[in-house]
Amino acid sequence: MTRAQTASFILTPVKSVNVSMVSSWLRSAALPLLGILIFLGLWAVLAKNIDTSLGKFPGPSDVFTQAQVLIDEHGAQRSKADAFYERQELRNAARVAKDPSYSPTIRAFTGAPTFFDQIWTSLYTVTVGFLIASVIAVPLGILCGLSKASYAAINPLIQLLKPVSPLAWLPLVTMVVSAVYVSEDPMFSKSFITSAVTVSLCCLWPTLINTAVGVSSIDSDLLNVSKVLRLGPFSHVMKIVMPSSIPMIFTGLRLSLGIGWMVLIAAEMLAQNPGLGKFVWDEFQNGSSESLARIMVAVLTIGLIGFALDRLMLSLQKQVSWDKGAVLR
Amino acid sequence: MTHKHHLELTQVGIDFPTPKGPFTALTDVNLRINKGEFISLIGHSGCGKSTVLNIIAGLHKATRGGVILDNHEVNEPGPERAVVFQNHSLLPWLTAYKNVELAVKQTSKGRSKAEMRDWVEHNLELVHMSHAVDKLPAEISGGMKQRVGIARALAMEPKVLLMDEPFGALDALTRAHLQDSIMEIHADLGNTVVMITHDVDEAVLLSDRIVMMTNGPSATIGEILDIELARPRDRLALADNPQYNHYRHEVLTFLYEKQRKVESVAAHRKKSHVNSKDTSANVA
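Each protein sequence line maps, in turn, to chains A and B. The first sequence begins at 1 in UniProt numbering and counts up by one. The second sequence begins at 1 in UniProt numbering and counts up by one.
Just chain B, same shape as in the assembly (with noise of 0.2 Å):
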């Protein structure tokens, strides 16, 4: 190899037009981020953590700068950067197999159909759903179906897994075990992982590197945290390590003092009743 990272972000920026003229969302990203590391992005909603995640997809082409992966410029979507999605984004109609099948069709075109067939098995035991594999998205829960999602960005051998808040939508006993499957399946296989988070506690269990985004318009890159606990984490050890508790208290600050949110509870309050009174003026 001949450049040190694996996957670069050189001075990303991006605007979005509107009415008014561009929108400058993201500006002046730099982040380079090594082979298997396990990185999280944080920042207050509205911040760009996703667009960050989907420049580095191809899902956005960023207005100014760039992203390099293993020496390639990323220019469009592809399965090396696979994407587990907020909302798991299972193709409803068909079976928790057939979703991470369409995936292995699509990324192994050499393998025969036995070698598919494991493969697919062999990422849904990954996931522990293998007790599921002919169920539906509808016949199982939030957190199976996450874990399929999961499977399936998996079962595409990405060279960086990209994860939109993949347990935002979950409730805490079911994410603290699909965290604990994250961090098992990152042992083993040693992906790099980007993982877009709202939780601090998520974020320094899981990460390696914490990265902490400004508020935006205009959003960027505030400050980087090294997180230096050893592995394997258990989350039980964890909660009297005071290492573990500087960690959680140095995003904490960076969240709740250095970019806290400007927009205090009456300027809010006035916000939803001007739009109350939008609304009524259109059924008018």
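Chain A with its partners taken away, still in its complex shape (with noise of 0.2 Å):
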């Protein structure tokens, strides 16, 4: 063998791992990245060319400038809220000093809620709306995957109303909840009722469709074990139905998450729920040179936290699902 055949002999399997390695890498991180400078890129070209009747269509740097503006108005709003609740204190501490019986009343600051507040309203708006329908879905689900009979019973009215847009509900709800959540000293706006209760109505179906179709199409023998063990209905449901449906019924659940949090907005935007549809409503009718920018602010936002919502019920499959070698995506 001669001195050049032996290197390239001990060269070749060198070559071939950092070959594959710099291939996964690509794969997993820099092709992604490069769609996104593609993006960016198209972007600031086509934002130059589009005049509004409020100035020029934002720009990624534009976006950027105002996510800054927006971190910096929370954090002057948090110090507003804190010196004042700091004076509040002063205040009735010296008036308790000078007249011990005086018992003092705490009032809450009054500012504008920040961009990040309305985030948390929104995130805890859709929690809400999403626990409600997926209470109502599973186990209703579950009864029509179990009985054929109400499945027919409940089937049409399914397919009649899931593709009911968010916004045909929104006024009714609002009226109807108008009438009947009154209260002396609501523990909840109304707005919050209402846009959560929009969430629920239209997230309520892919988890019911989805949880029924898995137990129907649980393992026929499965269910012949069931029945020569005599399990009775109880634990029929949570030994056999649920760990068998349980990938179905998340699927379901992700679906309805995702769909939650899109008629969100619209709710927001509608029944002026503080949250990011408000924001967005608000930016659009305040109409200022920034506007459009903090809207795309609101839009990014609205799409990350949309993403990692999704994540959030995967992991969560991943923790309750039985079969760890089942790819999930």
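No lab work stands behind these hints: they were computed from the structure. Keep in mind it's a predicted model, so treat the numbers as computed, not measured. Keep in mind that a hint or two might mislead.
Cβ-Cβ distance ranges computed for the label pairs, FRET-style [to be verified]:
{"no.": "1", "chain 1": "B", "residue 1": "73", "chain 2": "A", "residue 2": "172", "range": "52 to 60 Å"}
{"no.": "2", "chain 1": "A", "residue 1": "127", "chain 2": "B", "residue 2": "173", "range": "49 to 57 Å"}
{"no.": "3", "chain 1": "B", "residue 1": "176", "chain 2": "A", "residue 2": "127", "range": "54 to 62 Å"}
{"no.": "4", "chain 1": "B", "residue 1": "19", "chain 2": "A", "residue 2": "147", "range": "22 to 30 Å"}
{"no.": "5", "chain 1": "A", "residue 1": "311", "chain 2": "B", "residue 2": "173", "range": "45 to 53 Å"}
{"no.": "6", "chain 1": "B", "residue 1": "66", "chain 2": "A", "residue 2": "311", "range": "30 to 38 Å"}
{"no.": "7", "chain 1": "A", "residue 1": "321", "chain 2": "B", "residue 2": "228", "range": "48 to 56 Å"}
Idealized CB from N, CA, C, for every residue including glycine.
Using the hints, put the two standalone chains together into the complex.
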């Protein structure tokens, strides 16, 4: 063997390892990054060429600036609130010192909610709406999957109500909530309840349908095992039905949460629930030269949170799923 | 016991509804099985062996006739007629131990927790699975899964153990091991067993009687062959035993001469051709 041959003999496998490492790195990081860069480039070029009545359409840099402004506004508002509470405390302490029988009233800070407060409101609202929907949809889906009769009874309603837009529900929900939820000292604001209920109405269906399909497609051998063991209805559901249909239930829940998050923004716009939807609406009404950039910040935030919620459900699914080998994406 | 026989099938028949009217799958099945007997049902696929087993299990309801076990009519499935399914049908989210425990919890209301644990462990030991009690079904081999399935059935302390091609999905070596285990357990516990099989050697090796079924539709029992080989049986010694070979020959004759499947290879090919045409039409 010549020296060159020996060298190539040694080098070849090393080289191939390098190539595969590079290609896996390319696939996992570089290509998505490239996609994002191309998107940003196109956005910047196109934005420059769109003139609106509120000025040029914001490019990536305008949006980045506004994101920072929103963060600063949040900080400023927080320090205002802290200062307010500090002043209040001092004042109350002084009055109590003067007159020990005086019981101070604590007033809440009433400054406008910041972008981050609004994100929080939206997350809270969508969670409540989603939980209400799930608590109804999963048991109902199990019932539909177990009994053909109940499926036959409920299916037409599902098909009828599933395609209804949240915007169609909203006026009805608003009027019903105003009429029914009457209280001197309401625990929740009406706009919150209206938004949450609208979210629930729209994210019932994917969970309901997927749960029903999952339950009705359980391996017949497992059903026979349950029959031979004479499991009662409750243990049948808990020991056989639920574990078998967990993957389908979660597929439904993930679809529902995605829909719920989309619906929420529309619902908040119209119901004036102080979340991201209201933020977008207010900025639109405000119509300053920064409004479009601020809305764009909200759009990207909505996207990121939607993505994060889906990942959250996915990791939850991985936690509860018995089949650790299954590929979940 | 007022009845002479432990398990009795009388004039059992079943019709399945089809769009073209009822299809008679089984008719006039009569079988009397004694306590502790090991019975094999053998026949070509589609002859209704599984249907007979499912009727005994209570998973299917006979259209005509009925099944009596220990003087009680069989109307619904229950643990006194435990089934070992062909595809193990363990709950994939439970470990071997938990799978057996589910059966034990369901069938032994009077036992204390410690007694239940002992009983679960005892049954897993019977099938030589003590080393893998905490494994999930996906983590053990097909033969081991079937062993756990058998342990689960035995743990129900059934009056009759029903086995639907229990070793059909296993390779030859694993199958031989499990057959030996079944013979051991049967010798120890003296269960009444009804087993479905495709395998002539398996039937002759394990059974006291082989019930041979005619081809469907309207399948019924064709012949019953008594296997009078001394137990314990040893597969190696029996290989050269003329009596064993005689029994084998009898079953083979029944299956491949008297009840030969009429469908020829050419007809089969034509059929599959038509089928593939159908599929392409569906796709279009």
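Here is how each hint holds up against the structure:
| no. | hint | verdict |
| --- | --- | --- |
| 1 | B/73 to A/172: 52 to 60 Å | holds, 57 Å |
| 2 | A/127 to B/173: 49 to 57 Å | holds, 56 Å |
| 3 | B/176 to A/127: 54 to 62 Å | holds, 58 Å |
| 4 | B/19 to A/147: 22 to 30 Å | holds, 24 Å |
| 5 | A/311 to B/173: 45 to 53 Å | holds, 46 Å |
| 6 | B/66 to A/311: 30 to 38 Å | violated, 58 Å |
| 7 | A/321 to B/228: 48 to 56 Å | holds, 53 Å |
The structure does not agree with numbered hint 6 stated previously, though it agrees with all others.
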